[in-house]
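These are the residues of each chain, in order.
There are 4 protein chains.
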Amino acid sequence: MIDIALFGLGRIGIMHGKNLMRNKDFNLKYVYDIDKNLTKKYSKILKAGSVNNPNIIFKDKKIKAVFIASTTNTHIKFILEGVKNKKIIFCEKPLDLSIKKINKCKKKIKNLNPKIQLGFNRRYDPGHNNLKKQLLKNKIGKLEKIIITSRDPAPPTISYLKSSGGIFRDMMIHDFDLCRLYLGNDEVNEIHAFTSSFVPFYKKIKDHELAVVTMKSKKGVICVITNSRHCSFGYDQRVELFGKKGMLISGNKKENSTELFNSNQTNSQKPFLNFFIERYNDAYNIQLKELISLHKNKTKSRSTFEDGYLALKLANAAYNSLKLKKTIKV
Amino acid sequence: MIDIALFGLGRIGIMHGKNLMRNKDFNLKYVYDIDKNLTKKYSKILKAGSVNNPNIIFKDKKIKAVFIASTTNTHIKFILEGVKNKKIIFCEKPLDLSIKKINKCKKKIKNLNPKIQLGFNRRYDPGHNNLKKQLLKNKIGKLEKIIITSRDPAPPTISYLKSSGGIFRDMMIHDFDLCRLYLGNDEVNEIHAFTSSFVPFYKKIKDHELAVVTMKSKKGVICVITNSRHCSFGYDQRVELFGKKGMLISGNKKENSTELFNSNQTNSQKPFLNFFIERYNDAYNIQLKELISLHKNKTKSRSTFEDGYLALKLANAAYNSLKLKKTIKV
Amino acid sequence: MIDIALFGLGRIGIMHGKNLMRNKDFNLKYVYDIDKNLTKKYSKILKAGSVNNPNIIFKDKKIKAVFIASTTNTHIKFILEGVKNKKIIFCEKPLDLSIKKINKCKKKIKNLNPKIQLGFNRRYDPGHNNLKKQLLKNKIGKLEKIIITSRDPAPPTISYLKSSGGIFRDMMIHDFDLCRLYLGNDEVNEIHAFTSSFVPFYKKIKDHELAVVTMKSKKGVICVITNSRHCSFGYDQRVELFGKKGMLISGNKKENSTELFNSNQTNSQKPFLNFFIERYNDAYNIQLKELISLHKNKTKSRSTFEDGYLALKLANAAYNSLKLKKTIKV
Amino acid sequence: MIDIALFGLGRIGIMHGKNLMRNKDFNLKYVYDIDKNLTKKYSKILKAGSVNNPNIIFKDKKIKAVFIASTTNTHIKFILEGVKNKKIIFCEKPLDLSIKKINKCKKKIKNLNPKIQLGFNRRYDPGHNNLKKQLLKNKIGKLEKIIITSRDPAPPTISYLKSSGGIFRDMMIHDFDLCRLYLGNDEVNEIHAFTSSFVPFYKKIKDHELAVVTMKSKKGVICVITNSRHCSFGYDQRVELFGKKGMLISGNKKENSTELFNSNQTNSQKPFLNFFIERYNDAYNIQLKELISLHKNKTKSRSTFEDGYLALKLANAAYNSLKLKKTIKV
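Protein chains in written order, with the working numbering: chain P, 1 to 330; chain Y, 1 to 330; chain U, 1 to 330; chain R, 1 to 330.
Be aware that a few hints might be false.
Note that the list lumps identical chains together, so a pair holds whenever it fits in one copy or between two copies.
Said to hold, decoys possible - Under the rule of at most 25 Å between Cα atoms (straight-line distance), these lysine-lysine pairs were calculated in the DSS-like manner:
1. 253 to 289
2. 270 to 296
3. 133 to 270
4. 323 to 18
5. 62 to 110
6. 218 to 203
Keep in mind that the hints were calculated from the coordinates and are not lab data.
Between the sequences and the hints, there should be enough to build the whole structure, so can you do that?
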């Protein structure tokens, strides 16, 4: 059993907390949130100790790993503390909203042999990951196109949206990262973005309801990412890889495989699994298994600090394209 | 262009008439029905001559082929006349309801080199026929099980039902024949039947609304056929072949490949094509092509008089099983 | 945490042991097998105490529940001991091979308020169970037909087969039970069976490789069950309910939702989940949750002793039909 | 029967000729190609008169309709002659490569009450057209995104490619038009394009193997079109409409609905229908029916001269975006 601590008790932090509580390989020793009431409340629910000073966690030698799910602007600070104190780190995306700050951190931890797993859950999804495996097995020949659809069932809270960094850094960052996974040693060279909002609220907070980004890699691979903050039929998560010899599709998941036929329709199935907690449940378990392997020095992380950094650069370039109405060279 | 005549102007006769009228390879020269008004009416609609005496058709040397879609008890008579007069014959199923009568006819036409195509349209369906091809290519290894589902969207008229010969001879006869197609040189050895009726009317006319037949072949292949006289979601026509190495399924057809996703459901598709006219439209065209090949002596029929005879024997055995509540040796 | 003990360390016992070990709500205190070496070996693997005398388990007051996965002929004995000692009981199917023995047991435990969950895992499968829910919601109107396909990826060991009670009691018993679930307060009235074996070995041990059973209920519902001891493409588990207003299908599960398209094929997916451990994994977890509810007196079991008894009667009737080559009245 | 003449005997012209020959409502009276040998050859095959001077066709009062499938730079000339001589006109896409020339033509025919059907076959496809109908029925609420995939199984001949006008004007023009169909009274406002070529040949002839275009309409609808000149698994033709309340998908068509299951895979289906002749066969028949309705003054064309003009403008804007590496205002 690995002693672990959790920073941040928002929606995603609570989800990670529950996963850790249920997992026989981890002992959730501490939880911490900047809101003391939240810390108190969830220390009970998650059967963990309550801590109001993060340093207690970093100084506890028994704590082997920390889970950073606090607000984005605290990530870098906690990563630095964690790495200095030899903790294995799980950090939610995005790393930060400032490339400069990330760069500084990069230099500081460079020689400290950091063990960091970024929260790019799609890399751990058995379906999306199977596509990478099939690609490496040359099942579709040379890769020519990547098409990713990612739609949330419903927008997050207003307060979340306001500090999220915007649709490209908060949501599409997962898809930028997935493109990078499939591109392998190829790199994105050019990028273009369109966005749209049908609900006026998004314009008020200078964010976007829908977004589509196209990219072209150095080797000529074309990437298309479409995002939506709403989706009436569930959490729509699809990847399509098109190659010289064939195509691979990673589709959606449903609660069960039942179909209804009646006089109006045939093959009617349930809506997709509601959201990331359900859809990427397997992925979260695989992430936890990787943390154990990192602890035992048996593996490198599938999703690194560098991946977090490079995905953010693509998100920033997308904003640039939007502003300048141009194809942007990355 | 082949000069052709049509006997019988019921539902299926009219359908054949329209197919013939639209086909540039055939000239529908005559139509005949025992009901003179029908003959008159459809001779106009189908742009064909109207004949009240079948002999005019049989004696017309230019007529190369006859389409027999009249009531079942006239089939044998017209076949005999047709064969004697060197006509190519298309005859709807069933051949007749009396095995004895068929046997007599068999002997009479034996030496007349008859060219007869039975109306077993499923043999000509590209999907069901593709299963036979794949089977012969050994795609699923040795055949072990045949499972056929056949459900009509709605029952025919009462008057049709009363003279139809019952669900086994009128409807399941297609599926008995399909089993024989897949069995190839193997033969049905044992048979058992259950039926059921939820609408009381069927009992009144001594027919059945639902039926399930199981059979075992000499080589041990198990066959399951389920029929229903109603089906709310269209014309349900499926075949499943299970073998040592795999399984083949021939599925339903829809008007188009569109799907609807909303908050209640995903992948909702249209009901199946409504009925045999639409579902087996391709099959009917292929049947017409075969008639031309028969005319040119280029082929034998895929669906013979003998096939009609043997399918009827299975239908009769099914009735026997029902009556005696026993497994019947065929 | 509920203290629990496991009887029997064969394939299925080990699976249950691992599920219990991983579950934070249970403490697997003891394991027992008639083979002392097995007991020793798995007490380590499953981190449980090793017991060579079952009475130690029954007399341990802290043990709240027992898992009976030992050989079939020991089930009744352990159930009796368990019920007498107020244990909650999980028992694998079949209850026993002797109806007489079961009847005796029934009488003995009748007044002891037994809490017994039979191992009919399909009742707990979210897909198959969803069909029951939709049926009760009248989604397909009056039920008219039940069609169940169940195929194992590969046969069990010879020694297992020899003492299994045969394909109807060992394998199809699940499907007999499922039919009963969907029939609700209706009952099977008539039954007929065919079997077949393509591998000669099955005849030697007087068992069967394939089986098909048809049944008719008192209200006229027709049931079709087809079983196979082998299936090249995985564990094929499907249910189709056909009703007056529509049809419901519960389909197979795959490891992930990826599809491959190339010049030979489209929509090619992975084989089905390999076997019951994977396919009914969710079901096993739901079964464990029900045990906790039984412990808290919050529920009755979804799968009772009586269900085990009635399914076995159908299995026996199927053998009868096979022997007498007749439709058997149940 | 409508007397009709065909201009152009290339791949698409021959296809139209065969459709006309098979159709009982049309009499293909003349064929014409600039290559006299082709004219001669196909006048026999298509059982039509052979004409070396187009004027003979235009001056023949019995000719009610002309089919223009000749090289693109002759379209406008033949349209003008046809309209002046009161012929109903079918014209293949694109109208021309020069917007100026089209504009001139537009003015000339304005007051001549022209009856012109553009060859935008996708508008007549039952699947793609069903999406428009469902959209108008408000099945998915307000339209927010259009995603079109169009991939040819293999590139056309080099000589064709050289005079085709390039991928945007020759191939994607269909998809520009489809977007306009779904947008209804909304209009494309901004456009961006990326292209890529993995086979060097395309760069030599200044064309592209792959292309992706994104567009944003005045009302904020986002459109994504991806094209490929090759596709190993057949002719990939898909449309996805995403709206406030749901999603509609129009999928691919296959020769039949059979599936293969074996130890490597499940649900393996046939490649998609090979190419436009097969895929849009229904559409071509519906187009011919519309021509008859146009002749009888019963309808307006679903696909007009103006549609041809506006789709070409989008194609040109795409080239502009590519050249200037900018978002282009249309």
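Checked hints:
In this assembly of identical chains, residue 253 and residue 289 lie within 25 Å of each other by CA distance both inside one copy and across copies; the values are 22 Å within and 24 Å between. In the homo-oligomer, the alpha carbons of residue 270 and residue 296 never lie at most 25 Å apart, since the shortest distance is 41 Å inside one protomer and 33 Å across protomers. Taking the shortest alpha-carbon separations for residue 133 and residue 270, only the inter-copy value of 14 Å comes in at or below 25 Å, while the best intra-copy value is 29 Å. Taking the shortest alpha-carbon separations for residue 323 and residue 18, neither the intra-copy value of 41 Å nor the inter-copy value of 53 Å comes in at or below 25 Å.
When the C-alpha separation of residue 62 and residue 110 is checked against a cutoff of 25 Å, the pair qualifies only within one copy, where the shortest distance is 24 Å, while the shortest distance between copies is 54 Å. For the identical chains of this complex, residue 218 and residue 203 are inter-copy neighbours only, at 16 Å across copies versus 34 Å inside a copy, given an alpha-carbon limit of 25 Å.
Hint check: violations occur at hints 2, 4; the rest are consistent with the structure.
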